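2 protein chains.
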Amino acid sequence: MALPRDYAEQPCSLARTLEIVGERWTLLIVRDAFYGARSFGEFADHLKIPRAVLTDRLNALVGADVLQKVAHGRRFHYELTPKGISLWPTVHALIQWGDEHYAPRGPRRLFLHAADEQLVDTGGVCTGCGQAIAPTDIIIKPGPGAEPAHAADDSVTVALREPHRLLQPLR
Amino acid sequence: MALPRDYAEQPCSLARTLEIVGERWTLLIVRDAFYGARSFGEFADHLKIPRAVLTDRLNALVGADVLQKVAHGRRFHYELTPKGISLWPTVHALIQWGDEHYAPRGPRRLFLHAADEQLVDTGGVCTGCGQAIAPTDIIIKPGPGAEPAHAADDSVTVALREPHRLLQPLR
Chain A
7 MALPRDYAEQ
17 PCSLARTLEI
27 VGERWTLLIV
37 RDAFYGARSF
47 GEFADHLKIP
57 RAVLTDRLNA
67 LVGADVLQKV
77 AHGRRFHYEL
87 TPKGISLWPT
97 VHALIQWGDE
107 HYAPRGPRRL
117 FLHAADEQLV
127 DTGGVCTGCG
137 QAIAPTDIII
147 KPGPGAEPAH
157 AADDSVTVAL
167 REPHRLLQPL
177 R
Chain B
7 MALPRDYAEQ
17 PCSLARTLEI
27 VGERWTLLIV
37 RDAFYGARSF
47 GEFADHLKIP
57 RAVLTDRLNA
67 LVGADVLQKV
77 AHGRRFHYEL
87 TPKGISLWPT
97 VHALIQWGDE
107 HYAPRGPRRL
117 FLHAADEQLV
127 DTGGVCTGCG
137 QAIAPTDIII
147 KPGPGAEPAH
157 AADDSVTVAL
167 REPHRLLQPL
177 R
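Protein chains in written order, with this note's numbering: chain A, 7 to 177; chain B, 7 to 177.
Quick caveat, the hints were computed from the structure, so don't treat them as lab data. What you are looking at is a predicted structure, and each value in this text was computed from that prediction instead of being measured. Just to be clear, a hint being listed does not mean it is correct.
Pairs count within a copy or across copies, as identical chains cannot be separated in the list.
[Stated by the list, open to error] In silico DMTMM-like cross-links for lysine to aspartate or glutamate, where the CA-CA straight-line distance does not exceed 20 Å: (1) 147 x 122; (2) 147 x 106; (3) 89 x 159; (4) 75 x 85; (5) 147 x 25; (6) 89 x 153; (7) 75 x 160.
Excised from the complex, chain A in its bound form (with noise of 0.2 Å):
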């Protein structure tokens, strides 16, 4: 993956971080893998991006290791790759600064730990048994802002309208 010059002089982690998901939409394609898209085309849906900016953003991903590819029939998925997995906290993290302060109907998804359908909170922790939670351990439900069910009918906003696990595939 190219870096981005401006970066060049910038040795922090969080310089580095951003080389690799400081790229527009990239964030966003990560997400949509922790919501269990997989194909092109549920990226494509769900994201409205031009097909050759999601095409050089997956191998992108692909390339830096936080994607990989997986042959599914006569086509390819992408999986989110260990690497990619530990992402979680940053994405997590983002989505609940947004909710705290862009979200005036409350949180649009819920995050829930799939054993007692508690919360869990910033640092990753359920509010309700106070363990450390995997993401393979989350569910993800609509919150209190969740938009109406006309407002989008792409496959991943369909497919999470009902709880639905964190990297469990919609389809």
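On the provided structure of chain A, position chain B as indicated by the hints.
Frame of chain A, contents of chain B only:
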């Protein structure tokens, strides 16, 4: 702050957050503010970005209520607002992901609980006492991956060669 049109159809809190902090340089400015940079000159010297770009980004962060301008003698300082301080879990998660995957010599900087000098983990919990640690109770100090002393001589880098409490001014 102008919203990138490309995100307009993305109502999720992650997209809204990226509208504010996904801009190139923005999270590096916020990071420096956590480290104690406050004056225009400190941000400019450390980040080495064009002054016009820095002015634009600082104004956008003030407009988004992430930074506030505070009179300091005949000039202004930029300090994180409570909303800005609530970005700490995000900044910390991004730094830790970079440390995990892009710091072969180990972290450049360590984040320690001031009271017992034990590491604070990704979830913001002290690995020593198990308490959730606010950024004001975190000491930053050079880690095994810290750059050699001759690598940079800007005021921020030099000040951070000594242990420093987050959010306290560097000078």
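At 20 Å max between alpha carbons, let me know whether residue 147 reaches residue 122 within a copy, between copies, both or neither. within (14 Å within a copy, 39 Å between copies)
Check residue 147 against residue 106 for me: Cα-Cα at most 20 Å, and say if that holds within a copy, between copies, both or neither. within (17 Å within a copy, 30 Å between copies)
How would you label the pair residue 75, residue 85 (within, between, both, or neither) given a Cα cut-off of 20 Å? within (7 Å within a copy, 44 Å between copies)
Is it within, between, both, or neither for residue 147 and residue 25, if the alpha carbons may be no more than 20 Å apart? neither (31 Å within a copy, 24 Å between copies)
Taking 20 Å as the upper bound on the Cα-Cα distance, should residue 89 and residue 153 be classified as within, between, both, or neither? neither (31 Å within a copy, 25 Å between copies)
First find the shortest C-alpha distance between residue 75 and residue 160 inside one copy, then the shortest across copies, and answer within, between, both or neither for a cut-off of 20 Å. neither (23 Å within a copy, 43 Å between copies)
Since the copies are identical, ignore which copy is meant and state whether residue 89 and residue 159 lie within 20 Å (CA to CA) inside a copy, between copies, both or neither. This pair counts as neither: shortest intra-copy Cα distance 31 Å, inter-copy 33 Å.
Comparing the model with each earlier hint shows violations of hints 3, 5, 6, 7; every other hint is respected.
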